[in-house]
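From first to last, the protein sequence lines are chains A and B.
Here the first sequence stands for residues 1 to 347, numbered as in the working numbering.
Here the second sequence stands for residues 1001 to 1217, numbered as in the working numbering.
Keep in mind that the hints were calculated from the coordinates and are not lab data.
Predicted, not measured: the structure shown is a model, and the values here were computed from it.
Every residue, glycine too, gets a C-beta built ideally from N, C-alpha and C.
Treat the hints with care, since some could be wrong.
According to the in silico footprint, chain A covers these stretches of chain B (three or more CB under 8 Å from chain A) [claimed, not checked]: (1) 1113-1125; (2) 1191-1202; (3) 1205-1216.
Below 20 Å or equal to it, Euclidean Cα-Cα: the simulated DMTMM-like pairs (lysine to aspartate or glutamate) are [to be verified]: (4) K154/A with E131/A; (5) K1061/B with D1186/B; (6) K1193/B with D129/A; (7) K1193/B with E131/A.
Read off the chains here:
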Amino acid sequence: AAGPRPGTMSAAGAAGGGRSGTAADWGGFEDNMQGGGSAVIDMENMDDTSGSSFEDMGEMHQRMKEEEEEEGEAGAAEEEEDGEFLGMKGLRGQLGRQVADQMWQVGKRQASRAFSLYANIDILRPYFDVEPVQVRARLLESMIPVKMINFPQKIAGELYGPLMLVFTLVAILLHGMKTSDTIIREGTLMGTAIGTCFGYWLGVSSFIYFLAYLCNAQITMVQMLSLLGYGLFGHCITLFVTYNIHFHSLFYIFWLGVGGLSTLRMVAVLVSRTVGHTQRLILCGTLAALHMLFLLYLHFAYHKVVEGILDTLEGPNMPPFQRVARDIPVVSNAVLNTTAKAVALTL
Amino acid sequence: FAGLADVSISEDIPVEGEITVPVGSHSPDEDYSTLDEPVRDTIMRDLKAVGKKFVHVMYPKKSSALLRDWDLWGPLVLCVSLALMLQGGSADSKDDGGPQFAEVFVIIWFGAVVITLNSKLLGGTISFFQSLCVLGYCVLPLTVAMLVCRLVLLAGSGTVSFIIRLIVVVAMFAWSTLASTAFLADSQPPNRKALVVYPIFLFYFVISWMILTFTPQ
Chain A
1 AAGPRPGTMS AAGAAGGGRS GTAADWGGFE DNMQGGGSAV IDMENMDDTS
51 GSSFEDMGEM HQRMKEEEEE EGEAGAAEEE EDGEFLGMKG LRGQLGRQVA
101 DQMWQVGKRQ ASRAFSLYAN IDILRPYFDV EPVQVRARLL ESMIPVKMIN
151 FPQKIAGELY GPLMLVFTLV AILLHGMKTS DTIIREGTLM GTAIGTCFGY
201 WLGVSSFIYF LAYLCNAQIT MVQMLSLLGY GLFGHCITLF VTYNIHFHSL
251 FYIFWLGVGG LSTLRMVAVL VSRTVGHTQR LILCGTLAAL HMLFLLYLHF
301 AYHKVVEGIL DTLEGPNMPP FQRVARDIPV VSNAVLNTTA KAVALTL
Chain B
1001 FAGLADVSIS EDIPVEGEIT VPVGSHSPDE DYSTLDEPVR DTIMRDLKAV
1051 GKKFVHVMYP KKSSALLRDW DLWGPLVLCV SLALMLQGGS ADSKDDGGPQ
1101 FAEVFVIIWF GAVVITLNSK LLGGTISFFQ SLCVLGYCVL PLTVAMLVCR
1151 LVLLAGSGTV SFIIRLIVVV AMFAWSTLAS TAFLADSQPP NRKALVVYPI
1201 FLFYFVISWM ILTFTPQ
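Throw the hints in and build the complete structure from the sequences for me.
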């Protein structure tokens, strides 16, 4: 909140006679109260924003002094004096400390309130309430497309499985980049992997949720996160296999088969929850395209390293994603280049 | 220190002697006397506490010392030494390995925080810093593996050395995972242990992978 408004101050000052709760006045700034327990609203200085700020400040300081002395006296003795200047001079140091102390307490109260509201992880607790058997069942289900699309399918709003799958995908990406027999600066590597996976999960979920809102589909954000997260299970399997066995045709089979199955499941669930042909088409077309293209991207962006890299060994400028083949002496560059190109051509 | 409220002390036992601060002052009298003791005593007491925890990690039995008197010195030392040893593994000699150090640091601490949050969300009874403490201390076997790998790489970098490194890293990875599971899984409801163990497995797997694929300049 901004500094104390003159309106509030004067109201509090004028109503000093009937007050007993001094700390409440300081807390009243945020609650926008007009004077501590008094019903009297001083309209005189309410909207005094036209004058120069210097005057306002002067007025404010005058009110603050009156506040201080009133609080000091109310704190010292249980009675209030209205505008009493006696004893203020002697207690100046104490008043300052008390004021500072009260401001600190108010700030602390505010901070702890905000903290307990936003940083309370108990908000997320219901989404992690799962059993291992449930997780396993849902993992397997995510590969089986449902047949009944005229009846809204149930989606479990759970976040444990999807979160673990995203982290697994990150680990697999890391593993894939390493087994490409290349050395990549671990700095950019880890950051890229985490950024890609989380960005996809959160970003595409939000986008599809927005589209679902436009197309009147019955799905909540948590459900969408959960659905897409479990859809990454197919990606994990595909990448795990194809990062270890480097056959392009095998990858395409897995892409269509495994990727296609998990996409079909997500699409079927969404279709069952949407009404209208155009809307179904838009929603499911977008989701299918994004999901399949992501798998394609993951495979090629992190894997064509092996073939393309050796070409760049000769160039003086290395690409920003600095990947250098390991343990290759400079002499045998040419030999390796031709060999790699021959191998790449046969695939 | 709010997390220390999770440590359970039965109500009818007087609290003296059970204060769970790393410096372990047992009574108000000792509080005053620890100010007067020589610095060497203070440092040695902390070092002994850290050393005792290292021993607990290498021979994990169900003792509560690691959990009750948590401290983050050990994890910090291990993290820094691991990050230092993993530095200089990039093939490009032009970059100074700065981001690498920071990345290892961030991975370890961010991963530990995520695992802790996960175990709390699954209904664990362990507090935030206790869990961080356990996860950090259980990086010790992997640090030992990193040392061994560096020594082996000094000797040569052929297939034999790769196999030796693979065996060592896998063994240490299993040790780390089992050690941390022994401490952390107990705080979970019995049917959900697998849900907590999996992220720990993943976390140490990533660190082991970084160690295994390290090659010096």
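Problem set entry | Hints not upheld, ascending by number | none
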